[in-house]
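Model the full assembly from the supplied sequences, consistent with the hints where possible.
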Amino acid sequence: MSDIPDTPQEAELPAVAPHYEGEHPIVVKGVRNAFGDNVVHDNLSLTVNRGEILGVVGGSGTGKSVLLRAIIGLQTPQEGSIEVLGQSITGGRQEGDVDIRSRWGVLFQGGALFSTLTVAENVEVPLKEFYPEIGDALRHEIARYKVMLSGLPEDAAAKYPAELSGGMKKRAGLARALALDPELLFLDEPTAGLDPIGAAAFDGLTRELKETLGLTVFLITHDLDTLYEICDRVAVLADRQVIAVGTIPELIATGHPWIEEYFNGPRGRAARASVERASAGRDPGRREGGM
Amino acid sequence: MREWAQFSAEPSDDGAVTLNLSGPLTVSSIGPIDRELRALGQRVARVDLSGVSEIDTVGAWTAWRIARDNGAEIAGADDRAQRLIDAVKEAKGEGEVAPPRPGVVERVPEAVGELVTGWGTGTVGVVGFLGAVLTSLWYLARHPSKFRGKAMVRQLELVGVSALGIIGLMSFLVGIVIAQQGAVQLEQFGAQIYTINLTGRLAMRELGILMTAIMVAGRSGSAFAAQIGTMRLTEEVDAMRTIGVSPVEALIVPRVLAAVLMMPLLGIYAAIVSIIGGAFISAFALDIPFFTFLSRIQEVVPLTDVWVGMIKAPFFGLIIAMAGCYQGMQVKGNAEEVGLRTTLAVVQAIFMVIVLDAFFAVFFTNVGWG
Numbered sequence: 011m012s013d014i015p016d017t018p019q020e021a022e023l024p025a026v027a028p029h030y031e032g033e034h035p036i037v038v039k040g041v042r043n044a045f046g047d048n049v050v051h052d053n054l055s056l057t058v059n060r061g062e063i064l065g066v067v068g069g070s071g072t073g074k075s076v077l078l079r080a081i082i083g084l085q086t087p088q089e090g091s092i093e094v095l096g097q098s099i100t101g102g103r104q105e106g107d108v109d110i111r112s113r114w115g116v117l118f119q120g121g122a123l124f125s126t127l128t129v130a131e132n133v134e135v136p137l138k139e140f141y142p143e144i145g146d147a148l149r150h151e152i153a154r155y156k157v158m159l160s161g162l163p164e165d166a167a168a169k170y171p172a173e174l175s176g177g178m179k180k181r182a183g184l185a186r187a188l189a190l191d192p193e194l195l196f197l198d199e200p201t202a203g204l205d206p207i208g209a210a211a212f213d214g215l216t217r218e219l220k221e222t223l224g225l226t227v228f229l230i231t232h233d234l235d236t237l238y239e240i241c242d243r244v245a246v247l248a249d250r251q252v253i254a255v256g257t258i259p260e261l262i263a264t265g266h267p268w269i270e271e272y273f274n275g276p277r278g279r280a281a282r283a284s285v286e287r288a289s290a291g292r293d294p295g296r297r298e299g300g301m
Numbered sequence: 473m474r475e476w477a478q479f480s481a482e483p484s485d486d487g488a489v490t491l492n493l494s495g496p497l498t499v500s501s502i503g504p505i506d507r508e509l510r511a512l513g514q515r516v517a518r519v520d521l522s523g524v525s526e527i528d529t530v531g532a533w534t535a536w537r538i539a540r541d542n543g544a545e546i547a548g549a550d551d552r553a554q555r556l557i558d559a560v561k562e563a564k565g566e567g568e569v570a571p572p573r574p575g576v577v578e579r580v581p582e583a584v585g586e587l588v589t590g591w592g593t594g595t596v597g598v599v600g601f602l603g604a605v606l607t608s609l610w611y612l613a614r615h616p617s618k619f620r621g622k623a624m625v626r627q628l629e630l631v632g633v634s635a636l637g638i639i640g641l642m643s644f645l646v647g648i649v650i651a652q653q654g655a656v657q658l659e660q661f662g663a664q665i666y667t668i669n670l671t672g673r674l675a676m677r678e679l680g681i682l683m684t685a686i687m688v689a690g691r692s693g694s695a696f697a698a699q700i701g702t703m704r705l706t707e708e709v710d711a712m713r714t715i716g717v718s719p720v721e722a723l724i725v726p727r728v729l730a731a732v733l734m735m736p737l738l739g740i741y742a743a744i745v746s747i748i749g750g751a752f753i754s755a756f757a758l759d760i761p762f763f764t765f766l767s768r769i770q771e772v773v774p775l776t777d778v779w780v781g782m783i784k785a786p787f788f789g790l791i792i793a794m795a796g797c798y799q800g801m802q803v804k805g806n807a808e809e810v811g812l813r814t815t816l817a818v819v820q821a822i823f824m825v826i827v828l829d830a831f832f833a834v835f836f837t838n839v840g841w842g
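Protein sequence lines correspond, in order, to chains X and Y. Counting in my numbering, the first sequence runs from 11 upward without gaps. Counting in my numbering, the second sequence runs from 473 upward without gaps.
Think of the hints as simulated: they come from the structure by calculation, not from any bench.
So the derived label-pair ranges between C-beta atoms look like this:
(1) X/214 x Y/581: 46 to 52 Å
(2) Y/558 x X/142: 28 to 34 Å
(3) X/48 x Y/589: 52 to 58 Å
(4) Y/561 x X/142: 23 to 29 Å
(5) Y/610 x X/249: 54 to 60 Å
(6) X/232 x Y/815: 38 to 44 Å
(7) Y/812 x X/139: 21 to 27 Å
(8) X/242 x Y/515: 44 to 50 Å
(9) Y/603 x X/70: 42 to 48 Å
(10) X/280 x Y/562: 30 to 36 Å
Just so you know, even glycine gets a beta-carbon here, dropped at the ideal spot from N, CA and C.
What follows is the structure, encoded as structure tokens:
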């Protein structure tokens, strides 16, 4: 089922690797994912550029989450190859491979925080797992500043997930995703279920983190504001494939009916209008008026 | 090959040192020098990052923390290092990462106190729960169309039919053990033939029902608690309430009724299979023919023994289902709680069943059904 090594002897890969210097941290080629007779992806290809925020959109059931799961190795595709940070996910282990799980962070849709641990302990889990040589004092400090970096008040670190609101859970999940200073960040619908102000703040945070930490972000979203505000490029999933990748104007220019409807529907127009207003400098609190 | 971060402390004029950090200063390389840096014991006037080949937020934090604690300046930071330092410097990085855990002196009395008050609130809770179930039953008796027949049939299947295999096997083996062990003891005073009385009466009065109750508690009581508990966590129970569906009617009544109805049936089935087990081993080991054993059973086991078993069984079923459903409904918070409550449901159910069985034993003997 899973490509992620679970047994100890399999997990013995060096956790350390030089910074990825290539241009395409994620390369998906000709992937086919099917569940029984239900083919989700067929001959799907997608390349992500280093240092960009790539938004992935598509109607419900087009397999956005399945694609994410395939890229991070939770789901093995029937055909095709996936390379992450220059290392094959699908092709078995090669000489000189390192544990790339220490180099990506994943924010799941519901946060997926470990419910019996506090937020700070959640952040410490990957640190303990990959870098046991880090002392307690430093590890606690790391957990605390990561919590702060994710936009939570520092005293939220000692709280349990059940004590947090939905938006705070997302941020706590982000703190855990950032625990190891990853190069790649996967976000699955980060702004779903957040209020417009919270969503705008999360967008800003994503952009800011991307710039400060030099991240590449793979972002699944339905949120048109997020697409307009922070995504460098957008990939559209439909008909079991990525039908187009590019900036939003480029996508609209393709004239595909679904893309047309998506971006030129009432919500799409509203989101675009708010961005245009903002770029004209008249509406600094742009996001709040957008939805 | 793993490259670690390095540092050197260079003394300057006023007794303070300049700290030169070099190599990669990242989460994967900083572990060892962090300990040494914390144990340094000298005042640092300057943190020099010019020898750093690579830096991430952990490196930036370490440099910043040393600078902050010593009132030192940071030199030689490139753009990236400076940007990262600016990002982390708003954090204090101090304080608890988990709520403080009180010492043993506080924890033990607290646990004892919670246990005692828990009995109180638990009793009130159980009585309230029983009341809710009874009022629902009364309501359903007056409005039979509201009764969820399908859910009930499904529970009958889960509690009863699918347990037949394991309960049958268990009872058969228990019957073999009673007959064989009983025969060994009775043989010593030539009363081997009483093995039939022993097996028949024990199976009908006690063991058939009791073992079945333990098996049902383990199979179905735990399933009730875990299922309802998970539904509580995913807010399904709350969703039911808002739609106007009473969780007691939809979830608990079918389970309780299924357990109450199925326990006598499973109990008598278990008793019969144990007797067959006893007859089976007697045919081989004790030279009592199989059918002689069975026909003797009719003569030596009074009908009251069957009634004793059949009267006890629904009560045991009630206890098991109530414990499972009650504990399931108490789940809140996290996944650990589901496990905890499931364990409690099974332990309480089995314990209560055995206590009640003791009362029944004394009662039936006193009313002359001994």
